[in-house]
Structure formats: C-alpha cells, structure tokens
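Can you build the whole structure from these sequences, using the hints too?
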Amino acid sequence: MREDFSNNCEVKELNGNIEFENVTFAYPNGSGVPALKDLSFSIKSGQNLAIIGPTGSDKSTIAWLLLCFYDVNSGQIIINGCDIKELNIDCARNNIAIVPQKPMLFSGTIAENIRWGNNEATNEMIHEKADKVQAGFI
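Just remember that the numbering used here sits 4 ahead of the position in the sequence shown, which is counted from 1.
Everything labelled a hint here was simulated from the structure, so no lab data went into it. Mixed in with the good hints, there may be bad ones.
Once the Cα atoms are required to be at most 20 Å apart in a straight line, the calculated DMTMM-like pairs of lysine to aspartate or glutamate come out as [unchecked claim]:
(1) Lys41 <-> Asp75
(2) Lys41 <-> Asp87
(3) Lys106 <-> Glu124
(4) Lys89 <-> Glu23
(5) Lys63 <-> Glu25
(6) Lys106 <-> Asp75
(7) Lys89 <-> Glu25
(8) Lys89 <-> Asp75
(9) Lys136 <-> Glu124
(10) Lys63 <-> Asp42
(11) Lys41 <-> Asp62
(12) Lys136 <-> Glu116
(13) Lys89 <-> Asp42
(14) Lys106 <-> Glu116
(15) Lys48 <-> Glu23
(16) Lys63 <-> Glu124
(17) Lys41 <-> Glu25
(18) Lys133 <-> Glu116
(19) Lys63 <-> Glu23
(20) Lys63 <-> Asp75
(21) Lys41 <-> Glu23
Label-pair restraints from in silico Cβ distances [unchecked claim]:
(22) Phe73 <-> Ser49: 20 to 26 Å
(23) Ala134 <-> Leu71: 30 to 36 Å
(24) Ser44 <-> Asn122: 29 to 35 Å
(25) Lys48 <-> Gln138: 17 to 23 Å
(26) Gly20 <-> Thr113: 40 to 46 Å
Note that CB positions come from ideal geometry on N, CA and C, so glycine has one too.
Here is the structure:
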C-alpha cells in the first residue's frame, strides 16, 4: 500500500486527461496473477466514464490505483500530464471522486453527506457540488 504523500507533482486541481498506458498490476499479497494486464485507455478532460462488469472483474482495482492506494507494477497512469507516481497523494484523493457499486449514505441530510470529509465546506460550495452532479434541487 502506497504511503508516500509528499511526491513532486503538486497540483491544486486535476482538470486534464487521465491515461492508463499498458498498466499491469498484481495485488502485493495476492497470488501473483495480475488483476490488470496491459490495460490501456484514456479519459478526456470533462468526459465521464462508467466502468461496468461482473463482481470480481477488478473494476475497483482501477479506482484504488487512481486514488494512489497502490502503484502499478508496469506501465503508467498519467493525470494532467503527470505520472501518478509523481503526483502528491493528497492532490489525487482530493480531486478524484469514485461512485462505488453499492453507494453508502451517512445519516443526516444530503448536504451533510456532500460535506462529509470537508467540514469547512460552505453552503455555497455544497450547492456548487450538488449542481455538478445534477442534484441542485437540494
């Protein structure tokens, strides 16, 4: 599991393309068989991507790699033109959102759920985030 939070590429906001280039990854404590092998795809800035597949098809592995929980064994993940291995982990985790297969809501209001993880978020910030995901009705 990756723990170095202080890498070189400090970016306040991720707004560029995401590219997986021949990514191969095997979980460190696994069987050694790659969960992903030579995976390549790109997501253009502003584009949405849904990764679908049956349980166990390693959809979550892609999310864990994007959130810098693990480093790839070979290949590259490039975000904003920066190799993810050089990206500051906090930057990645503060700017990438993952919607899990079984979303979880905490008790409280929708606004409180959006605010979760950022107690300093103002109501204006909450409404901006809600508008971005077509939930401006809150």
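So, going through the hints one by one against the coordinates:
Distance hint between Lys41 and Asp75 is fulfilled; the C-alpha atoms sit about 14 Å from each other, no more than 20 Å. Between Lys41 and Asp87 the alpha-carbon distance is near 18 Å, which keeps this suggested pair within the 20 Å criterion. For the hint pairing Lys106 with Glu124, the CA-to-CA distance comes to about 27 Å; that exceeds 20 Å, so the pair is violated. Restraint check for Lys89 and Glu23: satisfied, since their Cα atoms lie roughly 13 Å apart, inside the 20 Å limit.
At most 20 Å may separate the alpha-carbon atoms for a hinted pair to count; Lys63 and Glu25 meet this at roughly 17 Å. Between the alpha carbons of Lys106 and Asp75 the distance comes to roughly 25 Å, so the proposed pair goes past 20 Å and is violated. Distance hint between Lys89 and Glu25 is fulfilled; the C-alpha atoms sit about 13 Å from each other, no more than 20 Å. Pair hint Lys89 plus Asp75 holds up; C-alpha atoms about 7 Å apart against a cutoff of 20 Å.
About 19 Å separates the Cα atoms of Lys136 and Glu124, which keeps this hinted pair within 20 Å; it holds. A threshold of 20 Å between alpha carbons decides the hint, and for Lys63 with Asp42 the separation of about 15 Å falls inside it, so the pair holds. Proximity of Lys41 to Asp62 is assessed by CA-CA distance (about 11 Å); at most 20 Å being required, the pair is judged to hold. At roughly 16 Å between alpha-carbon atoms, Lys136 and Glu116 fall within 20 Å of each other, so this suggested pair holds.
Pair hint Lys89 plus Asp42 holds up; C-alpha atoms about 17 Å apart against a cutoff of 20 Å. Note on Lys106 and Glu116: the hinted pairing holds, with a Cα-Cα distance of about 19 Å set against a maximum of 20 Å. Proposed proximity of Lys48 and Glu23 is supported: the alpha carbons are some 8 Å apart, at most 20 Å. The straight-line distance between the Cα atoms of Lys63 and Glu124 is roughly 32 Å, outside the 20 Å bound, and the hint therefore fails.
Note on Lys41 and Glu25: the hinted pairing holds, with a Cα-Cα distance of about 11 Å set against a maximum of 20 Å. Using a Cα cut-off of 20 Å, the hinted pair Lys133 and Glu116 holds, with the two alpha carbons roughly 12 Å apart. For the proposed pair Lys63 and Glu23, the alpha carbon gap of about 16 Å is at most 20 Å, so the pair holds. Of the supplied pair hints, the one linking Lys63 and Asp75 holds, its CA atoms being roughly 16 Å apart against a limit of 20 Å.
Between Lys41 and Glu23 the alpha-carbon distance is near 15 Å, which keeps this suggested pair within the 20 Å criterion. Phe73 and Ser49 have their C-beta atoms about 23 Å apart, which keeps the hinted 20 to 26 Å range intact. Between Ala134 and Leu71 the beta carbon distance is about 22 Å. The supplied range of 30 to 36 Å is therefore violated. Take Ser44 and Asn122: their Cβ atoms lie about 33 Å apart, and the range 29 to 35 Å holds.
At about 20 Å, the beta-carbon gap between Lys48 and Gln138 stays in the expected band of 17 to 23 Å. Taken as a hint, the range 40 to 46 Å is violated for the pair Gly20 and Thr113, whose Cβ atoms sit roughly 33 Å apart.
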